[in-house]
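Student: Here's the letter readout for the chains.
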Amino acid sequence: MRCGIGIEARQVNELFINIDPIQAGGRLTADAMKAVIAYGDGYSVCDNCRKPNRLDYISKPPIAEFHRDVAAWLNMDAVRTVPGARRGFQAVANTYVMKGDPVLLTSLSHYTEFLAIEETGGVAREIPVGSDNKVTADATAMKIEEVLQEFGKVPVLSFIDHIDYQYGNMHDVKAIAKVAHHYDIPILYNGAYTVGILPVDGKDLGVDFVVGSGHKSMAAPAPSGVLAATQERAAEVFRTTAIEGDVTKRKFGIKEPEMMGCTLMGATLVGMMASFPQVKERVKHFDRELENNRMVLEALLSVSGTKVLSEYPRNHTLTRVDTIASFDTVAESHKKRGFYFSSALEEKGIVGVIPGATKVWKFNTYGATTKQAAVLADAFVTIATENGLPLTT
Amino acid sequence: MTFQALYTLTDLRVIFRETAPQHSLDEIQRAQAQRLLDNLERQVASLKQEMLK
Numbered sequence: 000m001r002c003g004i005g006i007e008a009r010q011v012n013e014l015f016i017n018i019d020p021i022q023a024g025g026r027l028t029a030d031a032m033k034a035v036i037a038y039g040d041g042y043s044v045c046d047n048c049r050k051p052n053r054l055d056y057i058s059k060p061p062i063a064e065f066h067r068d069v070a071a072w073l074n075m076d077a078v079r080t081v082p083g084a085r086r087g088f089q090a091v092a093n094t095y096v097m098k099g100d101p102v103l104l105t106s107l108s109h110y111t112e113f114l115a116i117e118e119t120g121g122v123a124r125e126i127p128v129g130s131d132n133k134v135t136a137d138a139t140a141m142k143i144e145e146v147l148q149e150f151g152k153v154p155v156l157s158f159i160d161h162i163d164y165q166y167g168n169m170h171d172v173k174a175i176a177k178v179a180h181h182y183d184i185p186i187l188y189n190g191a192y193t194v195g196i197l198p199v200d201g202k203d204l205g206v207d208f209v210v211g212s213g214h215k216s217m218a219a220p221a222p223s224g225v226l227a228a229t230q231e232r233a234a235e236v237f238r239t240t241a242i243e244g245d246v247t248k249r250k251f252g253i254k255e256p257e258m259m260g261c262t263l264m265g266a267t268l269v270g271m272m273a274s275f276p277q278v279k280e281r282v283k284h285f286d287r288e289l290e291n292n293r294m295v296l297e298a299l300l301s302v303s304g305t306k307v308l309s310e311y312p313r314n315h316t317l318t319r320v321d322t323i324a325s326f327d328t329v330a331e332s333h334k335k336r337g338f339y340f341s342s343a344l345e346e347k348g349i350v351g352v353i354p355g356a357t358k359v360w361k362f363n364t365y366g367a368t369t370k371q372a373a374v375l376a377d378a379f380v381t382i383a384t385e386n387g388l389p390l391t392t
Numbered sequence: 000m001t002f003q004a005l006y007t008l009t010d011l012r013v014i015f016r017e018t019a020p021q022h023s024l025d026e027i028q029r030a031q032a033q034r035l036l037d038n039l040e041r042q043v044a045s046l047k048q049e050m051l052k
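Protein chains in written order, with numbering that gives the first Met the number 0: chain W, 0 to 392; chain P, 0 to 52.
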């Protein structure tokens, strides 16, 4: 079935259990799908835009109320919607980083944080992780001291991912933020894998900014996200325009340069808004998600030789495993080589593992029903036994 | 009227998602699907009546 010339209708989530590590939390709710149908037209949210003509002031649909609700939910003072978490990183980096300034991130930071720094001419300095692939407050303090020695000043900004994309490990943001603030360094909390998945309280964490991803973790269409700030930082990042045309003498009211005037529009925004009530509710039940993840991991670990590379027991459903001594041993002699594994999974109605990957790979069980988690667990064990891999008792 | 049938189909779509890959519906899901399909038939009948009168 096609939805345009050459565009096949996508039915991945209707036909399969999708364990793609980055897709799990962004699947739309029914309400978001309905919102996308109704608000697909380009300027669909602008019918009732009135002075002062800024998108986050529109009350019908209730965009202004949504902004207030998200700020309260994250326990921050101000929120803007952005086209993806990366645009949140970019807005903050543009505000604080000048050419040659050192900026702190971690050796597990997402690449878009690096790009946000690069665009400003800043210099990236990474806090190294320990052997457990965790970022600590002590390592943060040591790195800041190193930067101070190297640059003669402390980093002008720091990024910390609460859950990193590589291992899905949870890092001690609260302790790290305390260290950063000891040196008067503003701290940006990257909640791409937490905002919309776990409860997040920005004030309790002691961070200056909270960035979330709509399409990764808030059941919203792409590209979407949120940038939240404390009152003090909001005045800086969400400053209003001061520019004036020399010929026309035009000024641009309360538009915000970092937001390029109006923020997220149309189906992306209304999709995120439509999912929000369910998103607020689902973060309270993350324990169920971890239970499903545990069921699947236990099945994987029952295949002799399989290792969990993420912290264990798990604090998040995004998980990295090492199957070099289990599923990969089959790849050596299988006629499909490493592709046998994803192919066997697909035959059992499971997608999302990178085709060909049998050594180290990631998956995410978030959003699977308990029944689907059981299907997943059974599939891994069945593929192992079908291929003669021993199971631990 | 424009959206009712589309939204009912959307609710059915979600059932497909929740029951993938086998799509074996439990009693609650079966009852829900039945209700949605009945609604859909009524909504399509209304559309026919309104648009083709």
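Since the hints were derived computationally from the structure, they do not count as laboratory data. Computed from a prediction, not measured in an experiment: that's the story for all the values here. Don't take each hint at face value.
Claimed, not checked - Stretches of chain W that chain P covers, calculated by requiring three or more beta carbons in the stretch to come under 8 angstroms of a beta carbon on chain P:
(1) 32-39
(2) 319-329
(3) 343-351
Ideal Cβ placement from N, Cα and C applies to all residues, glycine included.
Student: Could you run down the list of hints and mark each one as holding or not?
Tutor: Results of checking the hints against the structure:
1. 32-39: holds (count 4)
2. 319-329: violated (count 0)
3. 343-351: holds (count 3)
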